[in-house]
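I would like the entire structure built from these sequences, with the hints used as guidance.
Everything in the sequence shown is counted per the working numbering, starting at 356 for the first residue and increasing by one.
Don't take every hint at face value.
[To be verified] Label pairs and their computed distance ranges (CB to CB): (1) P412 with F382: 43 to 49 angstroms; (2) R415 with I373: 50 to 56 angstroms; (3) A431 with P378: 43 to 49 angstroms; (4) V383 with W433: 24 to 30 angstroms; (5) A402 with E429: 22 to 28 angstroms; (6) I373 with I426: 51 to 57 angstroms; (7) E372 with E429: 34 to 40 angstroms; (8) I410 with K371: 48 to 54 angstroms; (9) R415 with R374: 38 to 44 angstroms.
In case anyone wonders, no lab produced these hints; they're calculated from the structure.
Yeah, the Cβ is synthetic: ideal placement off N, Cα and C, and Gly gets one too.
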Amino acid sequence: MASFATIINASSRSLKEIRAAIPARFFVRDTTRGLMYLARDLLLAAAAWSLATYIDPFFRQRYIAEILSPIGAEAARWVSWGV
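Below you can see the structure in the form of structure tokens.
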């Protein structure tokens with residue numbers, strides 16, 4: 356079996372050529388935009404954590420087990436945690 360390094364061919368272009376092909380506006384740092392992205396990511400992480408705390412109690416309710424069957428409710432719980 357060939358090693359990973361031999362499978363992937365290195366590009367014939369240099370890093371300088373690649374950077375020259377990218378517009379300069381993509382290299383400008385913007386603190387405000389970066390902080391907005393950070394706030395968005397923290398908000399989404401908090402929302403995901405908050406929703407995740409409802410997964411186990413929801414699928415352990417008796418009427419959910421009656422609708423999905425006990426095995427179906429457990430499978431749905433596992434799938435929900437995987438998402």
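Hints breached by this structure
4, 7 and 9
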